[in-house]
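Here the structure of chain A is known, so what remains is to put chain B in place on it, guided by the hints.
Residue numbers (the working numbering), protein chains in the order written: chain A, 68 to 181; chain B, 39 to 154.
Treat each hint with caution, since some may be false.
Computed, partial: chain A to chain B, Cβ under 7 Å [to be verified]:
hint : residue
1    : Pro111
2    : Phe113
3    : Phe171
4    : Gly174
Since the hints were made in silico from the structure, they are not lab data.
All values derive from a computational prediction rather than experimental measurement.
Heads up, the beta-carbon is just placed ideally off N, CA and C, and yes, glycines get one too.
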Amino acid sequence: DQQVKQNSPSLSVQEGRISILNCDYTNSMFDYFLWYKKYPAEGPTFLISISSIKDKNEDGRFTVFLNKSAKHLSLHIVPSQPGDSAVYFCAASGSSGGSYIPTFGRGTSLIVHP
Amino acid sequence: EAQVTQNPRYLITVTGKKLTVTCSQNMNHEYMSWYRQDPGLGLRQIYYSMNVEVTDKGDVPEGYKVSRKEKRNFPLILESPSPNQTSLYFCASSLSWAGGANYGYTFGSGTRLTVV
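Next comes chain B alone, as it looks inside the complex:
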């Protein structure tokens, strides 16, 4: 089944403790992206990657890091999480960087992160 898999689904952590949210897709998609969803603010892009070793900042990159060493994986790293990073996170992929418009994204099921 074609899908985007995020782990974990739920995570509660303490301020300052480094964490990684994993994202993997099995569709050989070039383009991958991370979003956060907050009440009243919709989906805001954190980082995106157009291909292996090519990443760039989205609208809200502060406090996050990403890497794209392989085509299928795009982990989101929070080096020192803070309470304002409590949110619902979505990973998404698309056939190509232009395909984000033409083909639509495939989204993962989400990771609900709480930082206390």
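This is chain A alone, in the form it adopts within the complex:
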């Protein structure tokens, strides 16, 4: 049973427009959420995170929004650039037996067209 779901396997966006990647979770014990970006032939790299005490975190062109009541978070990329083309993984974690082992979604492949 997937606790972290990324329901869109892929997303295609024009350069300069906004990219919105969505993630839903089911475990109400999750209280930290992270986004990772992965290029082909490379390991995932940490992009941005948010804790459950916030509803928004911004870092340059990247903003993550958290809606706890809906158990939903989203990553906004504005403006999108061709270099943003990658697979994006959502991850969630929470205290479970004293550890914060993250659970990953299956990823969304973003393609930004020039």
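Coordinates of chain B only, in the frame set by chain A:
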């Protein structure tokens, strides 16, 4: 340069022949973990270690072993590889076991394993 180093990057082996994928980090991280990535299944955790001599199973531990004798190294051992272990493997580390959430992981570049 702070990094997680995995070796080899590519490996083709035959069923039943024991192999080890090495992982080393130079950031003095306490927490290390192994993941496998398969099409449509995302990243699934195999084993993790919260510190030296402390390891535990992740979501898909069957067919794998790990050890953590030193803080920097966390090898993944396949005692008798089978074709269903053909996958892309990632090692990751984090500042602390709680830091997996707060600080984010640093991932290695991956090992593509094919078992025939």
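Checklist entry - Looking back at the numbered hints, which does the structure fail to meet, lowest number first? => result none
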